[in-house]
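Q: Residues per chain are reported as follows:
Number of protein chains: 2
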Amino acid sequence: MKLDILTKTETLNIQKEIISKIRDLINLKNLEPGDKLPSERMLSEKFEVTRSNVREAIQKLEFYGLLKSIPQSGTFVANIGVIAMNGMIEDILRLEEPDFKSLVETRILLELKTARLAALRRTDEDLQKMKNALDAYAEKVRNGEDAVQEDLLFHLAIAKASGNSTMNTFMLIITPEIITNFEKYHVCDSNQAQAGIIEHTEIYEAIKAKDSQLAKQKMKEHFKILYQYCYNI
Amino acid sequence: MKLDILTKTETLNIQKEIISKIRDLINLKNLEPGDKLPSERMLSEKFEVTRSNVREAIQKLEFYGLLKSIPQSGTFVANIGVIAMNGMIEDILRLEEPDFKSLVETRILLELKTARLAALRRTDEDLQKMKNALDAYAEKVRNGEDAVQEDLLFHLAIAKASGNSTMNTFMLIITPEIITNFEKYHVCDSNQAQAGIIEHTEIYEAIKAKDSQLAKQKMKEHFKILYQYCYNI
DNA sequence: CTTCTGTAATTGGTTAACCAGATTAAGCTT
DNA sequence: AAGCTTAATCTGGTTAACCAATTACAGAAG
Numbered sequence: 001m002k003l004d005i006l007t008k009t010e011t012l013n014i015q016k017e018i019i020s021k022i023r024d025l026i027n028l029k030n031l032e033p034g035d036k037l038p039s040e041r042m043l044s045e046k047f048e049v050t051r052s053n054v055r056e057a058i059q060k061l062e063f064y065g066l067l068k069s070i071p072q073s074g075t076f077v078a079n080i081g082v083i084a085m086n087g088m089i090e091d092i093l094r095l096e097e098p099d100f101k102s103l104v105e106t107r108i109l110l111e112l113k114t115a116r117l118a119a120l121r122r123t124d125e126d127l128q129k130m131k132n133a134l135d136a137y138a139e140k141v142r143n144g145e146d147a148v149q150e151d152l153l154f155h156l157a158i159a160k161a162s163g164n165s166t167m168n169t170f171m172l173i174i175t176p177e178i179i180t181n182f183e184k185y186h187v188c189d190s191n192q193a194q195a196g197i198i199e200h201t202e203i204y205e206a207i208k209a210k211d212s213q214l215a216k217q218k219m220k221e222h223f224k225i226l227y228q229y230c231y232n233i
Numbered sequence: 001m002k003l004d005i006l007t008k009t010e011t012l013n014i015q016k017e018i019i020s021k022i023r024d025l026i027n028l029k030n031l032e033p034g035d036k037l038p039s040e041r042m043l044s045e046k047f048e049v050t051r052s053n054v055r056e057a058i059q060k061l062e063f064y065g066l067l068k069s070i071p072q073s074g075t076f077v078a079n080i081g082v083i084a085m086n087g088m089i090e091d092i093l094r095l096e097e098p099d100f101k102s103l104v105e106t107r108i109l110l111e112l113k114t115a116r117l118a119a120l121r122r123t124d125e126d127l128q129k130m131k132n133a134l135d136a137y138a139e140k141v142r143n144g145e146d147a148v149q150e151d152l153l154f155h156l157a158i159a160k161a162s163g164n165s166t167m168n169t170f171m172l173i174i175t176p177e178i179i180t181n182f183e184k185y186h187v188c189d190s191n192q193a194q195a196g197i198i199e200h201t202e203i204y205e206a207i208k209a210k211d212s213q214l215a216k217q218k219m220k221e222h223f224k225i226l227y228q229y230c231y232n233i
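Chains as they are written, first to last, in the UniProt record's numbering: chain A, 1 to 233; chain B, 1 to 233.
Hint data in this document are derived by calculation from the structure and do not stem from the laboratory. Remember, predicted model here, so these are calculated numbers, not experimental data. One or more hints might be untrue.
[Claimed, not checked] Stretches of chain B that chain A covers, calculated by requiring three or more beta carbons in the stretch to come under 8 angstroms of a beta carbon on chain A:
hint, segment
1, 43 to 54
2, 83 to 90
3, 172 to 180
4, 200 to 213
[As the list claims (entries may be wrong)] When the alpha-carbon atoms are kept at most 16 angstroms apart in a straight line, the in silico EDC-like pairs for lysine to aspartate or glutamate are as follows:
hint, chain 1, residue 1, chain 2, residue 2
5, A, K60, B, E90
6, A, K129, B, E177
7, A, K129, B, E56
C-beta atoms are modelled at their ideal positions from N, C-alpha and C, and glycine is treated no differently.
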C-alpha cells in the first residue's frame with residue numbers, strides 16, 4: 001500500500017517534469033500559437049519516458065487549454081502567447097492540494113452568489129426540483145437519519161437554478177471533497193440538521209419569492225457556523 | 001474534419017451512456033459507499049463497449065470524487081451515499097458547455113474575492129511577483145503591443161496571492177477560455193489597455209497597502225466595461 | 001475447528017503493436 | 001514548369017496482450 005502511494009506521487013512528479021520540459025521546448029523552439037509540437041513518440045524518446053506519460057502530460061495541459069490535440073495530425077499550441085503559456089504552466093506546476101479552509105471559503109463564495117442568481121433566474125421547474133430536494137432532506141432529518149447527502153443535493157439544486165453553468169460545475173467539483181472532509185472532522189451534528197430544515201426552507205422561500213437579497217442573506221446565516229469553523233480550524 | 005467532430009461527440013455520448021449505466025448498476029445492486037464495482041473487463045463486456053471507454057468513464061467519475069480506483073484491487077464507491085451519487089451523476093450528465101456570459105460572471109466573482117483576500121494575506125514575495133507582472137504589462141502597452149497575456153498574468157498573480165488554492169485553480173481553469181473568447185469577440189481595444197495600466201496600478205497599490213475594501217472596489221471598476229459587455233451580449 | 005500457507009485467479013495499470021485518417025512529397029501527365 | 005495523382009510516411013487514438021500486486025480459496029498443519 002505504501003509502495004502504491006509512492007509510485008503515485010512518483011508518477012505525478014514525472015508528469016510535472018514532462019510538463020516543465022514541454023515548456024522549455026516551446027521556449028527553446030520559439031513555438032507560437034498554432035505551431036505544432038513534436039509527435040508524442042519523439043517526445044517520449046527525447047524525454048526518455050513512456051508515451052503514456054507524455055500523453056497524460058499533454059492531456060493535462062489540454063485540460064487547462066494550453067495545448068490542443070488533433071487526431072492524425074498533431075498536438076498544437078493553443079491561441080495563447082508564449083508569455084501567458086509560461087506563467088500558466090508555472091502556476092499549474094506549483095498548484096498545491098486544496099486545503100479544507102480554501103474549499104469552504106470557495107464554497108461560501110459560490111453559494112452566496114448562486115443563491116442570489118437563483119432568486120433572479122429560477123424557472124418553475126428549478127423551483128420544483130429544489131422543493132423535492134428540500135422535502136427529501138426534511139423527511140430524513142425528521143426520522144433522525146443522516147441527511148448530509150440530501151443537504152448537499154438541495155444546494156446543488158440551487159446551483160443549477162442559478163443558470164450559471166461554470167459555477168454549477170465548480171460546485172460539483174468541490175462538493176465531494178467537502179463531504180469527505182465533513183465526515184472526517186464530524187462538522188455536522190443533529191442539532192444543526194434540525195435547524196437546517198428551517199434555514200433551507202427560508203432560502204427556498206426567498207428564491208421562490210425572487211427576493212435575491214434575502215436569498216443571499218439567508219444563505220449567509222445558513223453558513224454562519226461553517227464560517228466560524230472555517231476560520232478556527 | 002466534420003467526421004472528426006462527429007466521432008468526438010459520439011465518444012462523449014458513449015461515455016455518458018456508460019456513466020448512466022454505472023449509475024443504474026449501483027442502484028440495482030444497492031451498492032453502498034466502500035462497495036466494489038464489477039471489474040473493468042466485466043463492465044466492458046456487459047455494456048458491450050471497449051475497456052478504454054469504461055476506464056475513461058470511471059476516471060471522469062473519479063475526478064468528481066464519486067468513485068475510487070485502487071490498483072490491483074478494484075473500483076470502489078466513494079464515501080458518498082447512493083442518493084447523492086444519483087443526484088450528482090444526474091448533474092454531471094446534464095452539464096452543458098460553459099457559455100461566455102457564465103464564464104465572465106464567474107470570473108468577476110472570483111476576481112473580486114481574490115483581490116480582497118490578496119490585500120489581507122499577500123506576502124512580500126507575492127507583492128513582488130505582482131509588481132513584475134504589472135511592469136511587464138505596462139511596458140508592453142506603452143510600446144503599443146498587444147498585452148492580453150500580461151494582463152492575465154497580473155490577475156493570476158493576484159489569485160495566487162489570495163492564498164486560496166481552490167480559487168487559484170478555478171481561475172486557471174477559466175482563464176484560457178476567457179482569452180480565446182476575448183480574441184474571438186475582440187473585447188479589448190488599445191484605449192482600454194491604456195486605461196488598464198492605471199487601473200492595474202490602483203489595484204496593486206490597494207493590495208500593497210493591505211486595504212481589502214479598496215482593492216475590491218478598484219477591481220470592480222476595472223471590470224466595469226466587462227460587466228456591461230457581459231450583460232449586453 | 002482454527003490458522004497458516006501457497007497457489008491460482010482476478011484486479012487496475014502499463015506497454016507495444018496496430019489502425020485509420022492526415023500529411024507529405026515524389027512522380028506522372030499535360 | 002505547373003497541376004494533379006498516388007503511394008509512402010507520420011500522426012494521435014485504439015486495442016489487446018502483458019504485468020505486478022492483490023485477493024480468494026483450498027488444503028495442510030496445529
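Q: Is the coverage entry for the segment 172 to 180 of chain B by chain A consistent with the three-residue Cβ rule at 8 angstroms?
A: Held - the segment 172 to 180 of chain B has 8 residues with a Cβ nearer than 8 angstroms to chain A, which meets the minimum of three.
Q: Take the C-alpha atoms of A/K129 and B/E177, compute the straight-line distance between them, and say whether it is at most 16 angstroms.
A: Violated, at about 31 angstroms.
Q: Has the segment 43 to 54 of chain B got at least three residues whose CB is nearer than 8 angstroms to a CB belonging to chain A?
A: Check failed, 0 qualifying residues.
Q: Is the straight-line distance between the alpha-carbon of A/K60 and that of B/E90 16 angstroms or less?
A: Outside the cut-off at roughly 25 angstroms; violated.
Q: Can you take a look at whether the segment 200 to 213 of chain B is actually covered by chain A? Rule is 3+ residues, C-beta closer than 8 angstroms.
A: Our answer is that it is violated, as 0 residues pass the Cβ test (under 8 angstroms) against chain A, missing three.
Q: Would the pair A/K129 and B/E56 pass a check requiring their Cα atoms to be no farther apart than 16 angstroms?
A: 30 angstroms, violated
Q: Between the segment 83 to 90 of chain B and chain A, see if three or more residues pass the 8 angstroms beta-carbon test, and mark the coverage as holds or violated.
A: holds (count 4)
The structure does not agree with the numbered hints 1, 4, 5, 6, 7 stated previously, though it agrees with the rest.
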